[in-house]
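*Asks:* Residues per chain are reported as follows:
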Amino acid sequence: MIGALTRTPATLRAFGASRFATYSGLLIVAVVIVLTIQRVMKHDASFFFQILTIGIADGSIYALIALGYTMVYGIIELINFAHGDVFTLGAFVSLALFPVFGIAEGGSGLGFVVPLLAVGLITMAVCAGVNVAIERVAYRPLRHAPRLAPLITAIGMSSILEGAMYVWRGPFNLHYPDLLPTTRLVIGGVSVGTKDLIVLTLSIVLVVAFTLFINLSKLGKAMRATAQDRDAAQLMGIDINRTIAATFFIGAVLAGAGGITYGLYINNVAFDLGFITGLIAFTAAVFGGIGNIPGAAIGGLLIGVVRAFSDSYFDSAWTEIVIFGILIATLVFRPTGLLGMRVPEK
Amino acid sequence: MELYRENRRNPNAIAYAVMLIVGLTFPAVTQFVTGGNGDYLVSLAADAGVYVLLAIGLNVVVGFAGLLDLGYAAFFAIGSYTYGMLASQQLISSPIHQALHVPFWIALVIGTFVAAGMGALLGAPTLRLRGDYLAIVTLGFGEIVPRFFQNMKDWTSGVNGISALDVPTLPFWITGPWVNMQLGLEQNFRFATFNATAWYVLIVILIVASVLGVNNLYGSRLGRAWMAVREDETAAAAMGVNTVNTKLLAFAIGASFSGFAGAFYGAKLSLVSPDSFGFIVSITILSMVVLGGMGNIPGAMIGALLLYSVLYKFLPDAPNQASALATSLGLDWLNTASPDGWPGIAEFINRLKFIIFGLILVGIMLLRPQGLLPSRLRSQELKRGVHDEPVTTGGTA
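Residue numbers (the numbering used here), protein chains in the order written: chain A, 35 to 380; chain B, 254 to 650.
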């Protein structure tokens, strides 16, 4: 993991230690869980597992995006608002590449594997290039400016990316080819969609590969070092600019892959998709403990499940309120997230 | 000597003077120039005034107290919806089954206090957070509030919003040649939608009162406490500043401006709908404050006026102008949409709006991060780095 980078202000620690805050937080969680169980009991078990698989598959996509947020926040303490739009860009670029590689709906599934991989690689490369360029143009010159400055350029870059996709394809919802098999498998008496399984597997492979890379490679080590203490890392001979650029590169690779996965899973994309998806993925990153890589993955899965449950057992109009409520509650009651560790303020 | 020179060429005084003169003469000059057809522009200026108020309010939170608020539109929504519910037929469909028609002037005060109260309520648990965390919480709050209003269908008519809001009334009003009428008094005056000048006068009065109030606050003990908290919270606490109360007051007072700006906005538009208060609105107001010069009241006002005219006048007008230009140049083919994806020049220009907004944001921050009319202290920070970290090594505070 990129170290537990979250810093807890002194006043906050005092607040977190107060029993009232802890107990009231736990009480809210308990009430929500009881309400959910009550709703779940009204329906049968197969419905429950169906919702659960959808939630996990959906959540694995959020996990892919959340990793990019958490890495960038871990290393330069910036909420990269453009990240959600890099994710949308992944969906748009791959959508444009499908005709080039002769991929269309209704063909035989396995014949598409090689062209689909090619599309995936090109898409990830494009997204990575764009994200690195954004870092170079909009964030690097402001690295020593007050926090607000890069935050506003991040929002600006997000708007520019959305605008570029708007100019490119217009304000319409675009149909994304439905290439994954729609069959259902029965595993241990539970019916599971093949599509959900493929999406989940794809995400797990990517997250595991990514975690191994961060933990084992030299560049991954440089990233962790830079995240912990940029000046010390520089003194040890790490090229800070290159390492930060690499972080944006890898984050965008995952976001691009997430864009394709999302397209294949949901089959519907629009230019402004990245805004709300990005915010939800960011919530997942905060929920898991910002700066913490396993935290982002688990946070993504949990947020996906919460979303699916809220949509199905409660009212989908309230889902986003629930999610942003979780965001606020996490920051107020446990600002280091589920897996974040407490480190003293620098 | 230093101080004297400072006062003689005080850019703020010049900015106030120019804004006051332009502000007072704007309706008359506009009507004169357009030959009596300037109502549309005067009305637009009154709408811009709402954003001036919002920028003044957000400037208190972000500029004075240094609390990054990414959900300021939530308070704007609270102000507007408070007025919408209090001054329309809406509450007949709510569980209380009784329409309240609270007079505008009272509702204005109620809206102000409700927004301030919500500011304090949100602040109570979260103001112990610093910097980015606070920004994220306010962002979450800004996303929740409009959705909440949208979902409370009985109270707010959901996505349709509350319509047919009451307009302000006054016992009498002065009419004159500036509205193409005889000089005289009009009894039982109602602020009708077409009476742009009346709305304009009302918003100018509100702005002047706000500026006087905020200027007083700036120099007060509270204002200095805000500045101290912004510069170094720990040091301020050590000097005896109650940081939690100081920040709570910044949030509450900042929110109160959007409370009455919201009431005015609802009354003038006669409609309050949930999609007028999205993240983009919060960001627009924040950009206005940053563009003008954070921490400086006339700067925030100028930023609001400039950005408003770009976003709500020049950009919306641009598609038609481009289309007319293409026709006059004999390039008619540009105007017709073609099947290969060309949407026509008007639609194309219209689609550029997101890119232009983004370029403005990035451009400001890269080229003039201190804003057009900066506060002196702030511009030094932005040029030389934040004071509490070594400028040369650039550690992350």
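Think of the hints as simulated: they come from the structure by calculation, not from any bench. Be careful, since some hints might not be right.
Said to hold, decoys possible - Stretch by stretch, here's where chain B covers chain A in the computed footprint (C-beta under 8 Å, at least three residues):
| id | region |
| --- | --- |
| 1 | 164 to 176 |
| 2 | 195 to 206 |
Stated by the list, open to error - Derived contacts from chain B toward chain A, CB cut-off under 7 Å, selection only:
| id | residue |
| --- | --- |
| 3 | V390 |
| 4 | L455 |
| 5 | I608 |
| 6 | L614 |
Don't be surprised by glycine CBs; every beta carbon is placed ideally from N, CA and C.
*Asks:* To test your reading of the hints: which numbers does this structure violate?
*Replies:* Structure breaks hint 4 only.
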